[in-house]
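Protein chains: 2
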Amino acid sequence: MDSQKVSSQDIILTGDRTTGPLHLGHFVGSLKNRVVLQDVCKQFLLLADAQALTDNMGNYVKVRDNVLQVALDYLAAGIDPAKSTIFIQSLVPELSELSSYYLNLVTVARLERNPTIKDEIKLRGFERDIPAGFLTYPAAQAADITAFKATVVPVGADQIPMIEQTNEIVRRFNNSVNAEILVECRALVPENGARLPGIDGKAKMSKSLGNALALSASPDEIRQAVKMMFTDPNHLRVADPGQVEGNVVFTYLDAFDADQAAVEELKAHYRRGGLGDMVIKRRLEDILQALLAPIRERREQYAKDPAQVMAILKAGTQKARETAGQTLSDVKAAMGINYF
Amino acid sequence: MDSQKVSSQDIILTGDRTTGPLHLGHFVGSLKNRVVLQDVCKQFLLLADAQALTDNMGNYVKVRDNVLQVALDYLAAGIDPAKSTIFIQSLVPELSELSSYYLNLVTVARLERNPTIKDEIKLRGFERDIPAGFLTYPAAQAADITAFKATVVPVGADQIPMIEQTNEIVRRFNNSVNAEILVECRALVPENGARLPGIDGKAKMSKSLGNALALSASPDEIRQAVKMMFTDPNHLRVADPGQVEGNVVFTYLDAFDADQAAVEELKAHYRRGGLGDMVIKRRLEDILQALLAPIRERREQYAKDPAQVMAILKAGTQKARETAGQTLSDVKAAMGINYF
Chain A
219 MDSQKVSSQD IILTGDRTTG PLHLGHFVGS LKNRVVLQDV CKQFLLLADA
269 QALTDNMGNY VKVRDNVLQV ALDYLAAGID PAKSTIFIQS LVPELSELSS
319 YYLNLVTVAR LERNPTIKDE IKLRGFERDI PAGFLTYPAA QAADITAFKA
369 TVVPVGADQI PMIEQTNEIV RRFNNSVNAE ILVECRALVP ENGARLPGID
419 GKAKMSKSLG NALALSASPD EIRQAVKMMF TDPNHLRVAD PGQVEGNVVF
469 TYLDAFDADQ AAVEELKAHY RRGGLGDMVI KRRLEDILQA LLAPIRERRE
519 QYAKDPAQVM AILKAGTQKA RETAGQTLSD VKAAMGINYF
Chain B
219 MDSQKVSSQD IILTGDRTTG PLHLGHFVGS LKNRVVLQDV CKQFLLLADA
269 QALTDNMGNY VKVRDNVLQV ALDYLAAGID PAKSTIFIQS LVPELSELSS
319 YYLNLVTVAR LERNPTIKDE IKLRGFERDI PAGFLTYPAA QAADITAFKA
369 TVVPVGADQI PMIEQTNEIV RRFNNSVNAE ILVECRALVP ENGARLPGID
419 GKAKMSKSLG NALALSASPD EIRQAVKMMF TDPNHLRVAD PGQVEGNVVF
469 TYLDAFDADQ AAVEELKAHY RRGGLGDMVI KRRLEDILQA LLAPIRERRE
519 QYAKDPAQVM AILKAGTQKA RETAGQTLSD VKAAMGINYF
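So the protein lines, in turn, are chains A and B.
219 is the number of the first residue of the first sequence in our numbering; add one for each residue after it.
219 is the number of the first residue of the second sequence in our numbering; add one for each residue after it.
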């Protein structure tokens, strides 16, 4: 993230849909950075239950229960509620209000052209039966971002169109009231390979694809995951030359091994033959066990007292409401629809 | 309205977009009935500023200023704030929240098939550049209706698809939570000819068409309007036979003259010839002057003290929030997303 400097003046808005506990992919792609960034600037972390409902109406229990699960993952990974404001989206009604006004500033055609939305529609097989709330969620996302006057939104490269959509709404609103009320934001895209593949080698780690390693994984689950991990299917005998590219074990060693010189040596050895999968898997397993053990232990500590975690979320939500409420109040005042 | 009985158990939700003062068409089509119905059952009257913004972003001053103007029209026409709850839509955030969940219960395709929306899109020349907030306003309207557990919604026949859409959302939500949380409503369609034509004979009276007679019209404006009123363009000499159908003066006499037997005699006389437009117009003018004088006077009284009117709206809005807040709370509890 070096080239995309985040300063102490910045405000970060990011978060997760509450559809399942977080996994190692989240850790590499976002969570790890958040732990660093909370020492740099203000950071709002959204538990996006309302957004999760846009394609989970009826799955209320799942969406609700995972609010606590994701919060536990945050705290376990090192998010400090004294530094980061963790809040529950559905408890900040100001976001719905802002969103309802932003819906008037974006056309249906524009939403349908949004590449992120287009991809997601295809991915979910919605066709024309897409829920209206799903098509319009860029407006809701613009509300999430602008409510906190966020200047930085960490996203994957595929989400950049969403940021552009938000900035369009910002400019359109500011133009319509002839004042700089809302703030434009910029995408913070992880530099190289922050997307961890699934243990099966598929590009994306995902709970629903069954190729994820949960942050809360037990030692046994970690062992099993590494054992099942995709390597080089043509590397049948130890003596054979093996392929490093697309070999998940090496991708993970790149991501997690502190001794990158050793990893380069292992790669060279593997390529010329004579290095078995067992050896590199054992090395990776040790590293993952060491990485996840303290996270799992912190998680278990917090999980013993869910009331304490909920109190953290309550306080964060209260703080988020104050900030979002101020923005909403500015927005309504600029429109002149502040009556009393 | 005889055949569509409204009982004391009913709850009515109705209102007006705050885009201009009300006119005689509103009085005949809705306002007059509301004055009667406020003695029959609970009635919530919505000053729909947020809905007005769906196609008036930027016209903030117009939308805002007409909140007071429409409220003055209500009070002048005999709406009693002790009986009817008059409230400002944008000040009830619970409506935005409900709406955001309802958006997940309706597909884009379904919204696009809504005949009312289709007509309005055509009328406004939106094509594909329709603001998302405009396409999705049936969900917002469902929020307005269900928030107050309204059972009766007075609408024109062209608005019946909107009521069906609301009831679809109600059923879908109740099914999804397996409980009867939201209440279905029925349309209350005025029986015969409750739609008053414009003074130019066009089917719809509308400020923007320039064929309206404002409820607040001065004696001179009333006189001018009647003078300009469309009659029978072929009725050139008094002695000629004249046509009653499509003759706005007679349509208005049907609507406002207490002595309907006398009107029938006038019609017969007009048809056979020998009755001049001047005579029937003078009769209509007297009736309209008598009808509108007390309304105008009450309006002027209230207009002298806008702070008092705003206090009425503030109290109504507070009451509306309590009711809508209870419904929202029921909805969220049913979804299980009530965390604290």
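Wrong hints could be hidden among the right ones.
It does not matter which identical chain is meant; a pair holds if it fits inside one copy or across any two.
[Unchecked claim] Okay, derived cross-link-like pairs now, DSS-like style, lysine-lysine, Cα gap no bigger than 27 Å in a straight line:
#, residue 1, residue 2
1, 550, 532
2, 445, 340
3, 550, 223
4, 485, 422
5, 550, 280
6, 550, 537
7, 422, 532
8, 336, 422
What the hints contain is simulated information worked out from the structure, not anything from laboratory work.
Where does the structure disagree with the numbered hints, that is, which hint numbers, in rising order? 2, 3, 7
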